[in-house]
Amino acid sequence: MAVSVDPIDGTAMKAQFPLLSREVHGKPIVYLDSAATSQKPLAVLDAMDDYYRTINSNVHRGVYMIAEEATNRMELARALVRDFIGARSSSEIIFTKNATEALNMVAQSWGRANLSAGDVVVLSHMEHHANIVPWHMLVAEIGIELRWIPLDNEGRLDLTDLDTLLNGAKVLSVTAMSNVLGTMNPVRTLTDAARKAGAISMIDGCQSVPHSATNVQELGADFLAFSGHKMCGPTGIGVLYGREDLLEAMPPFLGGGEMIRDVRLDGFTTNELPWKFEAGTPAIAEIIGLGAAVEWLNGVGMDNVRAHEIALTEYTISTLHERFGDRINIHGPSSPAERGGVFSFDFDGLHPHDISQVLDQHAVCVRAGHHCAKPLMKLLGIGATARASVYVYNDTTDIDALADALDATGAFFTL
Amino acid sequence: MPGLEDLYREIILDHYRNPRNRGELETPPALRVEGFNPLCGDEIVLYLDFDSNGGVADIRISGQGCSISQSSASMMSAAVKGKSVAEIDELTRAFKAMMSIHENTLEGAETAEPIDAPDVKLGDLEALRGVVKFPVRIKCATLAWNTLAQGIEEASA
Chain A
0 MAVSVDPIDG TAMKAQFPLL SREVHGKPIV YLDSAATSQK PLAVLDAMDD
50 YYRTINSNVH RGVYMIAEEA TNRMELARAL VRDFIGARSS SEIIFTKNAT
100 EALNMVAQSW GRANLSAGDV VVLSHMEHHA NIVPWHMLVA EIGIELRWIP
150 LDNEGRLDLT DLDTLLNGAK VLSVTAMSNV LGTMNPVRTL TDAARKAGAI
200 SMIDGCQSVP HSATNVQELG ADFLAFSGHK MCGPTGIGVL YGREDLLEAM
250 PPFLGGGEMI RDVRLDGFTT NELPWKFEAG TPAIAEIIGL GAAVEWLNGV
300 GMDNVRAHEI ALTEYTISTL HERFGDRINI HGPSSPAERG GVFSFDFDGL
350 HPHDISQVLD QHAVCVRAGH HCAKPLMKLL GIGATARASV YVYNDTTDID
400 ALADALDATG AFFTL
Chain B
0 MPGLEDLYRE IILDHYRNPR NRGELETPPA LRVEGFNPLC GDEIVLYLDF
50 DSNGGVADIR ISGQGCSISQ SSASMMSAAV KGKSVAEIDE LTRAFKAMMS
100 IHENTLEGAE TAEPIDAPDV KLGDLEALRG VVKFPVRIKC ATLAWNTLAQ
150 GIEEASA
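Protein sequence lines correspond, in order, to chains A and B. Each residue of the first sequence is one higher than the last, beginning at 0 in numbering that gives the first Met the number 0. Each residue of the second sequence is one higher than the last, beginning at 0 in numbering that gives the first Met the number 0.
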């Protein structure tokens, strides 16, 4: 197999992440759970710290200097996010508390206003619970119908009957990349098919936006949801991108301060976009932190991030297969070009909890469980998997440490 | 720092590799009851045959889970088979008391003794004592017992 060139120097990269210098159980930490949350570079920690130390004040209200500085810093972050995903206007960038809230906002606000009994929403078998449950809630509340795009035997979407599934549908809501299988989906093909069928498209970008260059115009997405904490930003901040005309017509989600233009005893009028959807004091420090994360990722270059992960994916799959052969089964597509750096695996017939418990003793952090994708787990015929996932700061030494720790795990349970 | 040997005692691994009372019983007369650990996706299915006094005459276990939940279920089945409701209740309380020491107190407060632990011999089940040093795994160890309690409650309802 041709080995891809890795543009990123792992050692220099790790040095920018303070947490990665700590030890666990007396050994240097090997962090392989970035699909759950990424570590944070010093640049992000400093930006948030600087906000609290020098300009902490509420935004959009005060006329004094630090309040204006805080407002500017927050709105600069919005512009950075806008450019990062190729949105046309800052009005299209809604800050939410996480991607789950962004997905719920579309289901609850757009869905309730536009869907009625019998209307069809198309999802896929590889969705995270956050892109399933909000729609189940509308099944119960309104009586919409859910249809599911099936998977092929390598864990890719099977689009054979896509047009039939979309026939008469109002919404297509799918993930750009599976948090279990690593599969990267052909988003443009999906959004084109949705548009042709007269459906709006909602893309869950939680796993894709942190790992590859994103442009909503090229994706053709009407809505895109993603979280800050998986892309080197803090927890507590997510983003909903929405096409401006859709957001204009969409009723507000939460009511309160900031989202209003006028409030009277007999009613209210809403603020303009994007603040119409941002009731209450926003997560100012987190928004500023997310802005710093975007600047930091821009500095690395998203094409470099993707190239790095393709190279590391090749190394991971070949290393684990070479060392363990049939003892390991890695789920998802076999081609690194079709997948991101998420590796769910079965090993030696051991339960994922037991695997991750022993790996932890070797300071290797992986996730074990159903990864909030129980319908997918059921389809795969398993209750849980162990999952290692990589990001910009991981390198081949981390994968070697994982393989060594797996070796020890196998030995421990077969004694 | 707790080590792996605190968690994976030999007797636990033995029950994991050679689970006792694995299988199913015909329903009815047996009662089938399911337990889930929503955090990790583990599931356990118990089949319970009750005697005329409500005691557990026979028990079988199916489902899937980690070594801790599977071995705990195996040990539980061996401990409660042929026991009366009162005996099972005592065992359950003693086991859960053992499991709750660290659930309710912070690390280091090992002097805290459970106040309502009945004075019964836990036998093999003692091997699971080390699980309390790994708080995330306590739910794995208690899954079978909670499912059993649910089954007994359903049977007496």
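It should be emphasised that the hints constitute simulated quantities derived from the structure, not laboratory data. We put the beta carbon where it would ideally sit given N, CA and C, even for glycine. Some clues are possibly wrong.
To be verified - With a Cα cut of at most 27 Å, we get these calculated DSSO-like pairs of lysine-lysine:
no. : chain 1 : residue 1 : chain 2 : residue 2
1   : B       : Lys138    : B       : Lys82
2   : B       : Lys138    : B       : Lys120
3   : A       : Lys373    : B       : Lys120
4   : B       : Lys138    : B       : Lys95
5   : B       : Lys132    : A       : Lys26
6   : A       : Lys373    : A       : Lys96
7   : B       : Lys120    : B       : Lys132
8   : A       : Lys13     : A       : Lys26
9   : B       : Lys132    : A       : Lys377
Unchecked claim - Chain A regions said to be covered by chain B (calculated; three or more residues, Cβ under 8 Å):
no. : region
10  : 350 to 358
11  : 373 to 384
Structure-based check of each hint:
Note on Lys138 (chain B) and Lys82 (chain B): the hinted pairing holds, with a Cα-Cα distance of about 24 Å set against a maximum of 27 Å. At roughly 22 Å between alpha-carbon atoms, Lys138 (chain B) and Lys120 (chain B) fall within 27 Å of each other, so this suggested pair holds. Distance hint between Lys373 (chain A) and Lys120 (chain B) is unfulfilled; the C-alpha atoms sit about 39 Å from each other, more than 27 Å. Of the pairs offered as hints, the one joining Lys138 (chain B) and Lys95 (chain B) holds, with about 11 Å between alpha carbons and a cut-off of 27 Å not exceeded.
With a CA separation close to 20 Å, the supplied pair Lys132 (chain B) and Lys26 (chain A) stays within the 27 Å bound. Under the criterion of a C-alpha separation no larger than 27 Å, the hint pairing Lys373 (chain A) with Lys96 (chain A) is consistent with the structure, at around 24 Å. Of the supplied pair hints, the one linking Lys120 (chain B) and Lys132 (chain B) holds, its CA atoms being roughly 21 Å apart against a limit of 27 Å. Taking the CA atoms of Lys13 (chain A) and Lys26 (chain A), the gap is about 16 Å. The hint holds against a cut of 27 Å.
Simply put, Lys132 (chain B) and Lys377 (chain A) have alpha-carbon atoms about 32 Å apart, too far for the 27 Å limit, and the pair is violated. Three residues within the 8 Å Cβ limit are the bar, and the region 350 to 358 of chain A against chain B gives 6, so the coverage statement holds. Counting residues of the region 373 to 384 of chain A whose C-beta sits closer than 8 Å to any C-beta of chain B gives 4, which meets the bar of three, so the coverage hint holds.
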